[in-house]
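Q: Below are the chains, spelled out letter by letter.
There are 2 protein chains.
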Amino acid sequence: MTIRYPNGKKFENKRILSRKKNVYKKDERYSNRGMTLEEDINESNQYYRSHKRAVIHKKPTPLQIVKVNYPKRSAAVVTEAYFKKPSTTDYNGVYRGYYIDFEAKETKNKQSFPLKNFHSHQIQHMKEVLNHGGLTFALLRFSLYEEVYLLEAEELIRFYEEQDTKRKSISKKDIEKYGYHIPLGFHPRIDYLKTIDKILENR
Amino acid sequence: MTIRYPNGKKFENKRILSRKKNVYKKDERYSNRGMTLEEDINESNQYYRSHKRAVIHKKPTPLQIVKVNYPKRSAAVVTEAYFKKPSTTDYNGVYRGYYIDFEAKETKNKQSFPLKNFHSHQIQHMKEVLNHGGLTFALLRFSLYEEVYLLEAEELIRFYEEQDTKRKSISKKDIEKYGYHIPLGFHPRIDYLKTIDKILENR
Numbered sequence: 001m002t003i004r005y006p007n008g009k010k011f012e013n014k015r016i017l018s019r020k021k022n023v024y025k026k027d028e029r030y031s032n033r034g035m036t037l038e039e040d041i042n043e044s045n046q047y048y049r050s051h052k053r054a055v056i057h058k059k060p061t062p063l064q065i066v067k068v069n070y071p072k073r074s075a076a077v078v079t080e081a082y083f084k085k086p087s088t089t090d091y092n093g094v095y096r097g098y099y100i101d102f103e104a105k106e107t108k109n110k111q112s113f114p115l116k117n118f119h120s121h122q123i124q125h126m127k128e129v130l131n132h133g134g135l136t137f138a139l140l141r142f143s144l145y146e147e148v149y150l151l152e153a154e155e156l157i158r159f160y161e162e163q164d165t166k167r168k169s170i171s172k173k174d175i176e177k178y179g180y181h182i183p184l185g186f187h188p189r190i191d192y193l194k195t196i197d198k199i200l201e202n203r
Numbered sequence: 001m002t003i004r005y006p007n008g009k010k011f012e013n014k015r016i017l018s019r020k021k022n023v024y025k026k027d028e029r030y031s032n033r034g035m036t037l038e039e040d041i042n043e044s045n046q047y048y049r050s051h052k053r054a055v056i057h058k059k060p061t062p063l064q065i066v067k068v069n070y071p072k073r074s075a076a077v078v079t080e081a082y083f084k085k086p087s088t089t090d091y092n093g094v095y096r097g098y099y100i101d102f103e104a105k106e107t108k109n110k111q112s113f114p115l116k117n118f119h120s121h122q123i124q125h126m127k128e129v130l131n132h133g134g135l136t137f138a139l140l141r142f143s144l145y146e147e148v149y150l151l152e153a154e155e156l157i158r159f160y161e162e163q164d165t166k167r168k169s170i171s172k173k174d175i176e177k178y179g180y181h182i183p184l185g186f187h188p189r190i191d192y193l194k195t196i197d198k199i200l201e202n203r
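Line order of the protein sequences matches chains E and U. No gaps in the numbering here: position 79 of the first sequence is 79 in this note's numbering, and each next residue is one more. No gaps in the numbering here: position 123 of the second sequence is 123 in this note's numbering, and each next residue is one more.
Don't take every hint at face value.
Each pair may be met inside one copy or between any two copies, as identical chains are not told apart.
[Claimed, not checked] Straight-line alpha carbon distances no greater than 27 Å define the calculated DSS-like cross-link-like pairs of lysine-lysine that follow:
hint	residue 1	residue 2
1	Lys-85	Lys-59
2	Lys-173	Lys-108
3	Lys-72	Lys-116
4	Lys-67	Lys-105
5	Lys-177	Lys-127
6	Lys-59	Lys-84
7	Lys-108	Lys-72
8	Lys-194	Lys-108
9	Lys-85	Lys-67
10	Lys-84	Lys-67
11	Lys-194	Lys-177
12	Lys-105	Lys-72
13	Lys-194	Lys-127
14	Lys-127	Lys-58
It is worth saying that the hints were derived from the structure and are not from the lab. Given the structure is predicted, the values throughout are model-derived calculations rather than measurements.
In isolation and in its complexed conformation, chain E is listed as follows:
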């Protein structure tokens, strides 16, 4: 059945279409960029929640709402809004009683991760979280290699603050040295809690 909008336009659910595609092209998900790092993390968080491992959510995209229409008999529509710079990281929640807080970023670079991916607000936020005993880190993906690393905030902050005198990016070698490689899985796709367990064991 074709579903149509009130204006006659055909309803197409891109999400459904792309989901179906994935059934056939499951293994291509990383190379065709159909699944972003964000989608992989959301899937992992969903997995953690449904398996009662942790409660971690992505925060909604912060928007400055300027105009809202309230049509009779239908839902309010935001007709003018602007993207705001987030003042915190994107993901947070609770795991084994710990406050978890992280940011996820990817690069197409081969040899290094540019520090401009992080806002100063986010670095500041991570420092505050550390001061209050939270666990905070970044998940970094090198898209070309499909490699994901967990880098603890302490390390990220150090590289971030050295960028004026040293380099404006973190070399892949340093990420391999100071971070933790997270092997990609199927369910969950990015099992970062396993790495958190390792970190907690060594404390």
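Let chain E serve as the given structure and place chain U on it in line with the hints.
A: What follows is chain U alone, placed relative to chain E:
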């Protein structure tokens, strides 16, 4: 001097009358609803952050973005978006190493707090947070009395689940009995961390 609304109605602020007159611009918030519970909590969280007491933020309003325009030489504009039901509570963060998670609601009722203020998703979320060792609760304001109470999630969940067989609201008496009254202050306006300290002491 008599202050009048644009429609000619006399402005009366009972709260202001009982307080310093020179701060009344700020205190218009309670009677004219200019300052909402949300604004008071945001101010308190801001105070906590700047005094390094805790890192607690309100999550952005979740929106389903449908259309975005990218004008040349200016910022992207969202031209069609819809409000989504939040799947979590509005506020979370870290305090003394604990994961903090809460919802804030107000009512104009005199004798009871309607449970329809909470979505089943939010109650479910609170249960999950409890399971993982987080501190979760609701801040409830009776606007007419300008009284704010902290009610721990365990109690809220109990009342929520009893609503099919018992009442669809929590009586003010029960909130006074099972919750904690939070005296209103100036900075921070709603010092709920003091109550959290009390709760933690008694554990």
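Q: Would you mind marking each hint as holding or not holding in the structure?
A: So, going through the hints one by one against the coordinates:
1. Lys-85 to Lys-59: both (13 Å within a copy, 13 Å between copies)
2. Lys-173 to Lys-108: The answer is within: 16 Å in one copy meets 27 Å, while 60 Å across copies does not.
3. Lys-72 to Lys-116: between (45 Å within a copy, 23 Å between copies)
4. Lys-67 to Lys-105: between (31 Å within a copy, 24 Å between copies)
5. Lys-177 to Lys-127: Classified as within: same-chain Cα gap 22 Å, cross-chain 39 Å, threshold 27 Å.
6. Lys-59 to Lys-84: Close inside one copy (13 Å) and across copies (13 Å); limit 27 Å.
7. Lys-108 to Lys-72: Only across copies: Lys-108 and Lys-72 sit 25 Å apart there, 47 Å inside one copy, limit 27 Å.
8. Lys-194 to Lys-108: within (26 Å within a copy, 47 Å between copies)
9. Lys-85 to Lys-67: both (19 Å within a copy, 19 Å between copies)
10. Lys-84 to Lys-67: both (15 Å within a copy, 16 Å between copies)
11. Lys-194 to Lys-177: within (18 Å within a copy, 43 Å between copies)
12. Lys-105 to Lys-72: between (41 Å within a copy, 26 Å between copies)
13. Lys-194 to Lys-127: Answer is both; intra-copy 23 Å and inter-copy 23 Å each pass.
14. Lys-127 to Lys-58: both (20 Å within a copy, 18 Å between copies)
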